[in-house]
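Those sequence lines, one after another, are chains Z and R.
Take the first sequence: its letter number 66 is residue 66 in full-length UniProt numbering, and every next letter is one higher.
Take the second sequence: its letter number 228 is residue 228 in full-length UniProt numbering, and every next letter is one higher.
In short, the hints are calculated from the structure, not lab data.
It is possible that part of the hints are untrue.
[Said to hold, decoys possible] Facing chain Z, a subset of chain R residues (Cβ under 8 Å, in silico):
id: 1; residue: Asn184
id: 2; residue: Gln288
id: 3; residue: Glu381
id: 4; residue: His409
id: 5; residue: Thr424
id: 6; residue: Leu429
id: 7; residue: Gly441
id: 8; residue: Ser456
id: 9; residue: Thr486
id: 10; residue: Tyr488
[What the hints assert, rightly or not] Just the calculated beta-carbon pair ranges, DEER-fashion:
id: 11; chain 1: Z; residue 1: Ser74; chain 2: R; residue 2: Gln92; range: 32 to 38 Å
id: 12; chain 1: Z; residue 1: Pro77; chain 2: R; residue 2: Val408; range: 44 to 50 Å
id: 13; chain 1: R; residue 1: Arg398; chain 2: Z; residue 2: Asp104; range: 41 to 47 Å
id: 14; chain 1: R; residue 1: Ser332; chain 2: Z; residue 2: Glu183; range: 55 to 61 Å
id: 15; chain 1: R; residue 1: Phe268; chain 2: Z; residue 2: Arg71; range: 57 to 63 Å
id: 16; chain 1: R; residue 1: Gly188; chain 2: Z; residue 2: Ala87; range: 31 to 37 Å
id: 17; chain 1: Z; residue 1: Glu183; chain 2: R; residue 2: Ser339; range: 26 to 32 Å
id: 18; chain 1: Z; residue 1: Arg89; chain 2: R; residue 2: Thr107; range: 26 to 32 Å
id: 19; chain 1: Z; residue 1: Arg84; chain 2: R; residue 2: Pro187; range: 51 to 57 Å
id: 20; chain 1: R; residue 1: Glu223; chain 2: Z; residue 2: Asp104; range: 50 to 56 Å
id: 21; chain 1: Z; residue 1: Ser75; chain 2: R; residue 2: Gly220; range: 38 to 44 Å
Glycine included, C-beta positions come from ideal geometry on N, C-alpha and C.
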Amino acid sequence: MDSVAFPTKLFLLHPNPNPNFPSRRTLRVHCTIRQINNPLSSDSPRLKLRRLVSEFESLPEPLDRVKLLLRRASSLPPLPGPDRVPANRVMGCTAQVWLSSSMDPLSGRMRFAADSDSEITRGFCACLVSVLDEASPEEVMAMKTGDLAALNISGAMDSRVNAWHNVLVGMQKRTRAIVASGEGRPPVQLFPSLDVSADGIKAKGSYAEAQV
Amino acid sequence: MAFVLTSPSHQPLSKLFLVRRGVSVKLSHSIINRRHPNPNGSRLGFQRPYSSSSSSAVAAASVTPLAESGERASGSPSLGELVRPDFPILDQEINGVSLVYLDNAATSQKPSTVMKALNQYYESYNSNVHRGIHFLSARATDEYERARKKVAVFINAAESREIVFTRNATEAINLVAYSWGLTNLRPGDEILLTVAEHHSAIVPWQFVAQKTGATLKFVGLTEDETPDLNQFKELLSKKTKIVVVHHISNVLGCILPIDEIAAWAHNFGAKVLVDACQSVPHMVVDVQKLNVDFLVASSHKMCGPTGVGFLYGKIELLSEMPPFLGGGEMISDVFLDHSTYAEPPSRFEAGTPAIGEIIGLGAAIDYLTGIGMQKIHEYEEDLGNYLYQSLRSVPNVRIYGPAPSEAVHRAALCSFNVNNVHPTDLATLLDQQQGVAIRSGHHCAQPLHQYLGVNSSARASLYFYNSKKEIDVFIEALKDTIGFFTSY
Numbered sequence: 001m002d003s004v005a006f007p008t009k010l011f012l013l014h015p016n017p018n019p020n021f022p023s024r025r026t027l028r029v030h031c032t033i034r035q036i037n038n039p040l041s042s043d044s045p046r047l048k049l050r051r052l053v054s055e056f057e058s059l060p061e062p063l064d065r066v067k068l069l070l071r072r073a074s075s076l077p078p079l080p081g082p083d084r085v086p087a088n089r090v091m092g093c094t095a096q097v098w099l100s101s102s103m104d105p106l107s108g109r110m111r112f113a114a115d116s117d118s119e120i121t122r123g124f125c126a127c128l129v130s131v132l133d134e135a136s137p138e139e140v141m142a143m144k145t146g147d148l149a150a151l152n153i154s155g156a157m158d159s160r161v162n163a164w165h166n167v168l169v170g171m172q173k174r175t176r177a178i179v180a181s182g183e184g185r186p187p188v189q190l191f192p193s194l195d196v197s198a199d200g201i202k203a204k205g206s207y208a209e210a211q212v
Numbered sequence: 001m002a003f004v005l006t007s008p009s010h011q012p013l014s015k016l017f018l019v020r021r022g023v024s025v026k027l028s029h030s031i032i033n034r035r036h037p038n039p040n041g042s043r044l045g046f047q048r049p050y051s052s053s054s055s056s057a058v059a060a061a062s063v064t065p066l067a068e069s070g071e072r073a074s075g076s077p078s079l080g081e082l083v084r085p086d087f088p089i090l091d092q093e094i095n096g097v098s099l100v101y102l103d104n105a106a107t108s109q110k111p112s113t114v115m116k117a118l119n120q121y122y123e124s125y126n127s128n129v130h131r132g133i134h135f136l137s138a139r140a141t142d143e144y145e146r147a148r149k150k151v152a153v154f155i156n157a158a159e160s161r162e163i164v165f166t167r168n169a170t171e172a173i174n175l176v177a178y179s180w181g182l183t184n185l186r187p188g189d190e191i192l193l194t195v196a197e198h199h200s201a202i203v204p205w206q207f208v209a210q211k212t213g214a215t216l217k218f219v220g221l222t223e224d225e226t227p228d229l230n231q232f233k234e235l236l237s238k239k240t241k242i243v244v245v246h247h248i249s250n251v252l253g254c255i256l257p258i259d260e261i262a263a264w265a266h267n268f269g270a271k272v273l274v275d276a277c278q279s280v281p282h283m284v285v286d287v288q289k290l291n292v293d294f295l296v297a298s299s300h301k302m303c304g305p306t307g308v309g310f311l312y313g314k315i316e317l318l319s320e321m322p323p324f325l326g327g328g329e330m331i332s333d334v335f336l337d338h339s340t341y342a343e344p345p346s347r348f349e350a351g352t353p354a355i356g357e358i359i360g361l362g363a364a365i366d367y368l369t370g371i372g373m374q375k376i377h378e379y380e381e382d383l384g385n386y387l388y389q390s391l392r393s394v395p396n397v398r399i400y401g402p403a404p405s406e407a408v409h410r411a412a413l414c415s416f417n418v419n420n421v422h423p424t425d426l427a428t429l430l431d432q433q434q435g436v437a438i439r440s441g442h443h444c445a446q447p448l449h450q451y452l453g454v455n456s457s458a459r460a461s462l463y464f465y466n467s468k469k470e471i472d473v474f475i476e477a478l479k480d481t482i483g484f485f486t487s488y
């Protein structure tokens, strides 16, 4: 399946130069992750996203799209208390967002659950979870923020406050860490930081590496 | 917690205004209409109701403001109306409705004269400063140094070499922290701040404290949510080496008596660094009268370009401080193994500065001075009280900071929360549906929000080009938005 078969708008901002992702050089997951041969199989993230985009595109009024987002939020199960911990916070959102991630040991697919104290952000989370839950790690990594622009809900897609961007990047970082862990490699620091002490300043994790 | 509505359904704006979309509205005192006629009619009153998702519903909106504001009742145009034509950016529609810009504490809009000054620099005399001998460089240097003098006069510094240009106020604070702080702080010394400081006033001192062994101490709030001045006095001691404090809180809106705080601090030999980002743009600030040692402010919050801030420092302190960044301009002589430093302010201005933007800041100061800072302050105080009282009338709204009174003066901003509606949700729909720009989040004051027991808040912040009419629009839009979230 080729990306050109999708609505043009869908990949307008970030065309995928290699629709047959994965980029093994980047992910190095080929030993453990099953290759997805048909990216538009009935439950593929691309198809789910396409359906989601169609659903939003059928509503010309911005307010109706917001209402749809809020309905999505209502359908998102609340994250259990033990998962609403600082380690699961998605940083960079103006609202609080928690994202729990794991890999199904049998299928090798990613499982996501998310929550937020903002209803609109919960709606974003619900959409992303519906698209990427049970996706392969490669499919998670292949998703681009620009792919979500077609939903045309609100805000600049690359803004630091944008929940789409932050939650998607959060999903990808966690996926990368889980894959690395499964392969016995040290996971990349999710939140690279500088340790400042009397002995000097040391980088803890690499910002560049932490970016997908 | 249950959310109790005073009305079972939200109230569409169509009931609150009597203006037909697309029909010109007669605003007898409006300079906006007189000098910048809007082909679509009034700039205000086009906010979109939530009662119908169809844009055609807006066409039926017909309006007269219910609240006849004081500025109109007085019979003469308000300051906001008078200066409005100078800010063409405000005369636009966002998402199909007229923009109401209430995010001025984040950044201000720029008058045409500032854009003109920037343009003139790049079109007529763009050149590097201080080192060229040709005509353009000499002119650029003259204008650049003239801007420094303007800043000095604006805050009444004793001399212009007490003004150091930086990239922003954050860099100015970092300059003091790294240059003065690393040189003067020792293990056991204390740095006194308040819990209401901006991150840019906290984090550099965390770095310096960790490197020097000094300790950070924080003043809390009183019951009326103002930094506790009694605790300030109690925490000051001979261990205190520097007090880092805001003049006006970007969240609470309270104005601190910096002159008194400086006097208390100086009694213990401590220096005082004031974050004046929210005061310099809005009121007369006199560094000599306040008797502070350092003061920082930001160009973009005072009608100037982005990329420029400044540090005021008493010359005797600046003269003793080592450079912050190394490079050109800040040195006197460079040898292979060492360099000798230039005198302040050049010592702290390594590399080519933001020349055009600094000249633009000078133009902004000319503009503000032309209006008069006292006039701006008085107008904003009235506007700010109107915002506070209007916001307080909205059910289930909690405003942070002290209530204004005869004795308590607030800045023209309100941070607030609405029961059971996230501030980001509010801000998102206010923007998308109503064209009202406010801020949501922690406003770079997470410790303060933690102290207040919330994660975030919404904030509406005004400047002298805003009007009571815009506040009316914001309040009605807010009511609509709250209604939407409690009934969708």
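Cross-check of the supplied hints:
Checking R/Asn184 against chain Z: minimum C-beta separation of about 16 Å lies over 8 Å; hint violated. Interface restraint check: R/Gln288 against chain Z, minimum CB-CB distance 35 Å, threshold 8 Å, status violated. The restraint placing R/Glu381 at the interface with chain Z is violated, with a minimum CB-CB distance near 29 Å, outside the 8 Å limit. At its closest, the beta carbon of R/His409 sits 29 Å from a beta carbon of chain Z; the interface hint therefore is violated under the 8 Å criterion.
Nearest Cβ of chain Z to the Cβ of R/Thr424: about 5 Å, under the 8 Å cut. The hint holds. The closest approach between the C-beta of R/Leu429 and any C-beta of chain Z is roughly 7 Å, which is under the 8 Å cut-off, so the hint is satisfied. Given hint, R/Gly441 at the interface with chain Z, holds; its Cβ is 4 Å from that chain's nearest Cβ, closer than 8 Å. Interface restraint check: R/Ser456 against chain Z, minimum CB-CB distance 6 Å, threshold 8 Å, status holds.
Of the supplied interface hints, the one on R/Thr486 is violated, with its beta-carbon coming no nearer than about 11 Å to a beta-carbon of chain Z, more than 8 Å. Here the hint on R/Tyr488 is kept, as its CB sits about 6 Å from the closest CB of chain Z, short of 8 Å. For Z/Ser74 and R/Gln92, the hinted distance range of 32 to 38 Å is satisfied, since their beta carbons lie about 35 Å from each other. A C-beta distance of roughly 46 Å is found between Z/Pro77 and R/Val408, which places it inside the suggested range of 44 to 50 Å.
Between R/Arg398 and Z/Asp104 the C-beta distance comes to about 44 Å, which sits within the given range of 41 to 47 Å. For R/Ser332 and Z/Glu183, the hinted distance range of 55 to 61 Å is satisfied, since their beta carbons lie about 57 Å from each other. In this structure, R/Phe268 and Z/Arg71 meet the distance hint of 57 to 63 Å, their C-beta atoms being roughly 60 Å apart. At about 35 Å, the beta-carbon gap between R/Gly188 and Z/Ala87 stays in the expected band of 31 to 37 Å.
Separation of Z/Glu183 from R/Ser339 is about 50 Å and departs from the stated range, judged on CB atoms against 26 to 32 Å. Checked against the hint of 26 to 32 Å, the C-beta distance between Z/Arg89 and R/Thr107 comes to roughly 27 Å, which is consistent with it. Hint check: Z/Arg84 to R/Pro187, Cβ distance near 39 Å, so the stated range 51 to 57 Å is violated. For R/Glu223 and Z/Asp104, the Cβ-Cβ distance of about 53 Å falls inside the hinted range of 50 to 56 Å, so the restraint holds.
As the Cβ distance of Z/Ser75 to R/Gly220 is approximately 42 Å, the hint placing it in 38 to 44 Å holds.
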